[in-house]
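Visitor: Protein sequences, first through last, are from chains A and B. Quick note: the first sequence, position 142, residue 142 per the working numbering, numbers continuous. To convert, take the position in the second sequence, counting from 1, and add 1000; that gives the working numbering.
Wrong hints could be hidden among the right ones.
Calculated pairs, DSS-like style, for lysine-lysine (alpha carbon to alpha carbon, straight line, at most 27 Å) [unchecked claim]:
1) K12(A) to K1231(B)
2) K1332(B) to K1276(B)
3) K1077(B) to K1238(B)
4) K40(A) to K1245(B)
5) K26(A) to K1178(B)
6) K1189(B) to K1100(B)
7) K92(A) to K1189(B)
8) K40(A) to K1178(B)
9) K1231(B) to K1156(B)
10) K26(A) to K1471(B)
11) K1063(B) to K1077(B)
12) K1231(B) to K15(A)
13) K1068(B) to K1189(B)
14) K40(A) to K1156(B)
Calculated directly from the structure, the hints in this document are not laboratory data.
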Amino acid sequence: MAWITKPSATTKVEKRPEPYLTASMKDELTRTYLPRYETKHAALLPALHMIQHEYGWVPQQAMLEVAEFLSLPPSEVIDTASFYEEYWLKPKGKHLISVCRSIACEFCGHEAITQAVKDRLGIDVGETTDDGMFTLIELECLGSCGTAPVALMNEELLECLTPQAVVKAIDEIYAGGGKKHSHGH
Amino acid sequence: MQFAPNGLTTSTPSGKVNPNLAALGGPALTKRIPCWPYADPAGRHVVSYDEYVRTGGYQGLRKALSMKPDAVTEEVKKSVLRGRGGAGFPCGLKWTFLPKLAVDEQGNEQDPGQRYLAINADESEPGTFKDRLLMDFDPHLVLEGIAIACYACRIKTAFIFIRGEYHHQAHVLEEAIKEAYANGVFGPKGLLGGAATGRGGTFAVDCHVHRGAGAYICGEETALLEGLEGKRGWPRIKPPFPAIKGLFGKPTIINNVETVAHLPSIIEQGAEWFTKQGVVSSLGGNNQPSHGTKLMGVSGHVNRPGVFECELGIPLRTLVEELCGGIRGGRKFKGAIAGGISMGVLGPDQYDAPMDFDIGRKFGVLGLGTACPTVFDDQTDMVSVARNITRFFKHESCGQCTPCREGSGWLYQIMCRIEQGEARTKDLDLALEIATSMGSMPGTTICGLADGNNWAVRTIMQKYRSEFEAKVKPTFVPVKVSVGAR
Chain A
1 MAWITKPSAT
11 TKVEKRPEPY
21 LTASMKDELT
31 RTYLPRYETK
41 HAALLPALHM
51 IQHEYGWVPQ
61 QAMLEVAEFL
71 SLPPSEVIDT
81 ASFYEEYWLK
91 PKGKHLISVC
101 RSIACEFCGH
111 EAITQAVKDR
121 LGIDVGETTD
131 DGMFTLIELE
141 CLGSCGTAPV
151 ALMNEELLEC
161 LTPQAVVKAI
171 DEIYAGGGKK
181 HSHGH
Chain B
1001 MQFAPNGLTT
1011 STPSGKVNPN
1021 LAALGGPALT
1031 KRIPCWPYAD
1041 PAGRHVVSYD
1051 EYVRTGGYQG
1061 LRKALSMKPD
1071 AVTEEVKKSV
1081 LRGRGGAGFP
1091 CGLKWTFLPK
1101 LAVDEQGNEQ
1111 DPGQRYLAIN
1121 ADESEPGTFK
1131 DRLLMDFDPH
1141 LVLEGIAIAC
1151 YACRIKTAFI
1161 FIRGEYHHQA
1171 HVLEEAIKEA
1181 YANGVFGPKG
1191 LLGGAATGRG
1201 GTFAVDCHVH
1211 RGAGAYICGE
1221 ETALLEGLEG
1231 KRGWPRIKPP
1241 FPAIKGLFGK
1251 PTIINNVETV
1261 AHLPSIIEQG
1271 AEWFTKQGVV
1281 SSLGGNNQPS
1291 HGTKLMGVSG
1301 HVNRPGVFEC
1311 ELGIPLRTLV
1321 EELCGGIRGG
1331 RKFKGAIAGG
1341 ISMGVLGPDQ
1351 YDAPMDFDIG
1361 RKFGVLGLGT
1371 ACPTVFDDQT
1381 DMVSVARNIT
1391 RFFKHESCGQ
1401 CTPCREGSGW
1411 LYQIMCRIEQ
1421 GEARTKDLDL
1431 ALEIATSMGS
1441 MPGTTICGLA
1451 DGNNWAVRTI
1461 MQKYRSEFEA
1471 KVKPTFVPVK
1481 VSVGAR
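Excised from the complex, chain B in its bound form:
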């Protein structure tokens, strides 16, 4: 695997980027993966078990094993680590949804039975390519996070559901898992070969890679479980939620790759260290803060696309101008997908939007998503963008719910008509009506795919309405009627 420096320049980025992060010990996720602005990506390689341990690896797990499982969960809860897969649901809170375990008079916990951890590595939303970096170069960081999550939630088996197209990454993970087994991280002897723990050191975890086979929908958590069970990836109706009844009907926790990769440093350095990074919600009230760093993958019309680890709250402009070397050809910013196409677009006047979990409420998009913006320059045809996005959703709709199955196809047809200049003004309203009735949280379908389609289409059509109007013919068509004698 070679890193391809797409338009990479060797200028040093200004020191203005992430001064707070530098003071807190630098990036947590990419400390072993050279990334701008901390190091040159050309020096990337797969971090082996030995190198990982030499550079302080598995210390977080060691510390976790010296704590009670509930104390680990409590620490993660205190850090307000929000899920990095798109929805931003607090990870620690999700863990507490597992059935409570009774404690007998001697203080021994009841046997939890079989529970599962499913790691979502089905990264397939256009624009999103952040988890790939971790799996490409630092797989043990993910494995350590998995071990910590399993210990905290008393889970004995973890599956990494990785998308089918990630052939290389699946291979890297499998090799890393082999190394981890050989060194006693996983396996029958117990975590870290049965290192002394509050529970007698007998807590053993198994970890496996499960390869998907090319279906975007399997990134939806219940569709992922169906895929793990060998069935077609059709999302399940909730409730019951997976924490109660998930994989094979057993309690299951589903976490994103990047979420679990945060766990080792949170446990090692404490929740307080984590909450010093990022921003608190500016919306006030009970809104959750956006703490910690986030992998942000910038693609599209920028000089230096790639994945950067930044504190949440970094303005999009800083991300693009400072880290990505600005927009290609010195052109102007026209818009950006907020983070995976289902989140909708940020308009030309929203270049300064801070990349945190408040972005959805403040800037008229669905949310932060995966914080992987695709940037467009001023020569981009936004109608083509809409056509591309609707084609994606038409292609990836699983076909289970009628509004999504039919609506996504209709939207694509309308967008094609508009692009070819054959649509009429009324088609614009028709498209918006179809999009809205497909789903707008809470939607009309089982999963959120239709909502993503709706938000993408609606935000583009609202923020670039004039471009769409310029391409359509008027609805009123003058017809020449002969009323008299010739």
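Bound conformation, chain A alone:
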């Protein structure tokens, strides 16, 4: 929904002293990504992926830092970042559960999966738990219709899901076995 304008006149950029775009990220961008492309602009998606992967969302300050590093106007960075769904412009929970709601999953029972997550965590779709551990969203096709219903737990795909299986995956993270899941490591 990139065409919906935002009340930019009242926007206040929250700043923290240490940069989001760290020296090692800049180094990786310079060594690995910038040589691949003809323009610096083209390294924007990889740069935003780094931020998203590291912090779980893309803060405004980080966008400004990326803009400066890639010599782009900040508006270009915000334009791109706000267009793509994978970049979170607001903080989310530590773990993201994305339940697929597209055609094969809906008709193979995605609703029961979402309901099981809602009941287990006490949140609605689009909400984050009070302890900041989980955010639940529904999104369109994850490209695994043959094993519907599916969901992404951070970056790991859960296939042929049942309500019990998704609750078990949540319980495992709460039990501390979920370290490997955090931000998809």
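Could you slot chain B onto chain A? The hints should help.
Guide: Chain B in isolation, oriented as in the chain A frame:
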């Protein structure tokens, strides 16, 4: 990555399936990936470089390098390999749209300058999950195809644009690319470490993975280029076509993952081998044939969903009954999405439709698409199907063209109203009118997303009209008017 056998049974499929293919040496794309009906999918694993080479890998590239680039293009043209991404445009013909290179008196070709190959791995249309199989388990097949395409088109840099949600697949590809560089397939020394070629063995290719970030529209070829350039995925107005002015303004070829995966076997075994598979067009005239095999991913209400490699032209009924073990619970076939939801639906009387590129003209759908049918049993509410599909298009419309941006939202609202029983008969015609005016090839928008939305809605409403009518209230509402004294 574990393969999840969803309702997998261990019965052996009947020998009736693909006898021709078996005689021609078995499947080409899935020869290293165990797939029904040739092997049990439980034995799947990522094929490493060593295993790939041991099983005859990179022989197609080796043979291509011993040929002139134009001869490679000619061979692909002769095979009539049609694009596997949905539109079915002949791959070899697409390559010839690149600017011609002048040849000097000594017979040396002019330097082509920078050109790009963009591999479309942004597989995000609901129902479609075929490229995932190749990237999950046999990434080197894709890389070999990329190297052949680059050699034939004199392209020095290839990008694989993979959708953001394919985290695992991007990782597998990146590891495979590392292996390929380490073994000299790509890199500064030249293809296959500078193996002797007609051009002096100095043709070097670079290959990179570029991850998208969750936008269906980036599967449209020019939106994909915008995504590669770091911009929002807004499709470009054509012309200029990408073969003339594409990525960073340079000539660019965009091919699907499965299309390039066909190249190694076509070069190795020849175009004639390829044209023995599949079917010729039954429409006659200048219609292109549907040669070769195709990955067909069946999902929905079937006993054994999954990806199967079949010759083009296999009837949908054979695909579902023989390979997928029939419809769940022994129920009846009600309909199927032809191949990705934008293609529209095949009705209850079209179960025998052959899956080839003629399907669009013969069965009232947009086309074969990705040949990944989603099958519905007789208990499916087709109004809900329409609602789900319109929600997808509303969500994924990029917002650039008004008919698509507004129309997709209106269609979704109407479908919700119909589903909830609050719509009136006139809403059915309204929905059809909106759908038609959004786009019907050639449409009113820059890209084909609105056309896909139109075809999906229109085919469902036409083929299951009675279900929609049963859910709406009559347009004429009797109003009690008091005309006299009480």
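Visitor: Does the structure break any of the earlier hints, and which numbers would those be?
Guide: 2, 7, 10
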